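Undergrad: Okay, here's what each chain looks like letter by letter:
6 protein chains.
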Amino acid sequence: MPYVNIKITKEGATADQKEQLIRGVTELLANVLGKNPQSTFVIIDEVDTDNWGIGGESVTIRRSRV
Amino acid sequence: MPYVNIKITKEGATADQKEQLIRGVTELLANVLGKNPQSTFVIIDEVDTDNWGIGGESVTIRRSRV
Amino acid sequence: MPYVNIKITKEGATADQKEQLIRGVTELLANVLGKNPQSTFVIIDEVDTDNWGIGGESVTIRRSRV
Amino acid sequence: MPYVNIKITKEGATADQKEQLIRGVTELLANVLGKNPQSTFVIIDEVDTDNWGIGGESVTIRRSRV
Amino acid sequence: MPYVNIKITKEGATADQKEQLIRGVTELLANVLGKNPQSTFVIIDEVDTDNWGIGGESVTIRRSRV
Amino acid sequence: MPYVNIKITKEGATADQKEQLIRGVTELLANVLGKNPQSTFVIIDEVDTDNWGIGGESVTIRRSRV
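Chains as they are written, first to last, in full-length UniProt numbering: chain A, 1 to 66; chain B, 1 to 66; chain C, 1 to 66; chain D, 1 to 66; chain E, 1 to 66; chain F, 1 to 66.
Treat the hints as calculated values from the structure; they're not laboratory data. If you're wondering where the values come from, they're calculated on a predicted model, not measured in any experiment. Some clues are possibly wrong.
A pair holds if it fits inside one copy or across any two, identical chains being indistinguishable in the list.
[Unchecked claim] Below, a list of computed lysine to aspartate or glutamate pairs in the EDC-like style, where the Cα atoms sit at most 16 Å apart:
| no. | residue 1 | residue 2 |
| --- | --- | --- |
| 1 | Lys10 | Glu27 |
| 2 | Lys35 | Asp50 |
| 3 | Lys35 | Glu46 |
| 4 | Lys10 | Asp50 |
| 5 | Lys10 | Asp48 |
| 6 | Lys35 | Glu11 |
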């Protein structure tokens, strides 16, 4: 009964892409560890780029310089 | 000083229901472990049904088939 | 299908007390929101007192002064 | 490669204040543990006051009494 | 720069199986969303069966009945 | 009443270094957002290098190649 939390920046992931993530990670846990998909939870958090930092600055600022 | 995080699907929980969850879990920790309610934190996350997967598909898709 | 994470300091909670927490919070979610216990996950993390801070110091230090 | 999650109540933190949090915690990890800022992640969650409990009640209710 | 947290019960997953989980979920995020593997973090938590509840009881108790 | 979770690899951080992290992040939240240190929680998780992945492999493997 695994629990998976995926955090990504909020930049337009579609419902279909999120389905692919949910299906893919559920299959991975079934294949590698024999976990039952019916009791595998996946929660996706989409985080505003102002609220995600890397290298000491937000992704918003980082992207603005490129 | 416990910390509790409750994740539920975003499907219209009312402010009153959320108060009941906060009060109930705080009392539970006081009753079972003697924890001080004044330093018990409870955070409720309401998650979009597109972003919550079980059985390898989102709750949105799962509900649409019923 | 709620997910609950309870973090407490690691100070000798017994298996029976942890059962009470699991049962209590599962019943709470069933009573308040009608959630199905069979798809309610509860994960308890017991955290070393060196690794839990409040008031700018660890619980280990805080307790040593009392 | 540290990962830091900061949860605060959603009460108008500005983008600039969030930059200060990201920069400050990244520098702290570099200074104390020598961690590389380029692989330090910081995620800030801003939580609705209805969804944050302390003392057995939400912050919304707690603030309304003051 | 995704962040993924996988929680499983502590029941003897090998280092090789954990490598497969890390590689698999990193490739999934690259394939579905074009995320850069070099800034994809995966953290696996192995949780004691006394500390994981489902259906209102711990996995330890649940397994003992089967 | 902020909540901060810091995850680092388990590689010998001392109790004193963990005190510095707790004090530093608590002061940061007081300075930037005026948060009360007495209701600021900090939890440090030290993660086994087998269980932390970056670039599609564990930190254990990554370090062994350097």
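Undergrad: Against each hint, give a clear statement of whether it holds in the structure.
TA: Hints and how they fare:
1. Lys10 - Glu27: Neither. Shortest intra-copy (24 Å) and inter-copy (19 Å) distances fail the 16 Å Cα cut-off.
2. Lys35 - Asp50: For Lys35 and Asp50, neither the intra-copy (36 Å) nor the inter-copy (18 Å) Cα distance is at most 16 Å.
3. Lys35 - Glu46: Intra 26 Å, inter 14 Å, cutoff 16 Å: inter-copy only.
4. Lys10 - Asp50: both (10 Å within a copy, 14 Å between copies)
5. Lys10 - Asp48: For Lys10 and Asp48, the Cα distance is within 16 Å both inside one copy (5 Å) and across copies (13 Å).
6. Lys35 - Glu11: For Lys35 and Glu11, the Cα distance is within 16 Å only across copies (12 Å; inside one copy 31 Å).
Violation of the numbered hints given earlier is confined to hints 1, 2; the remaining hints are satisfied by the structure.
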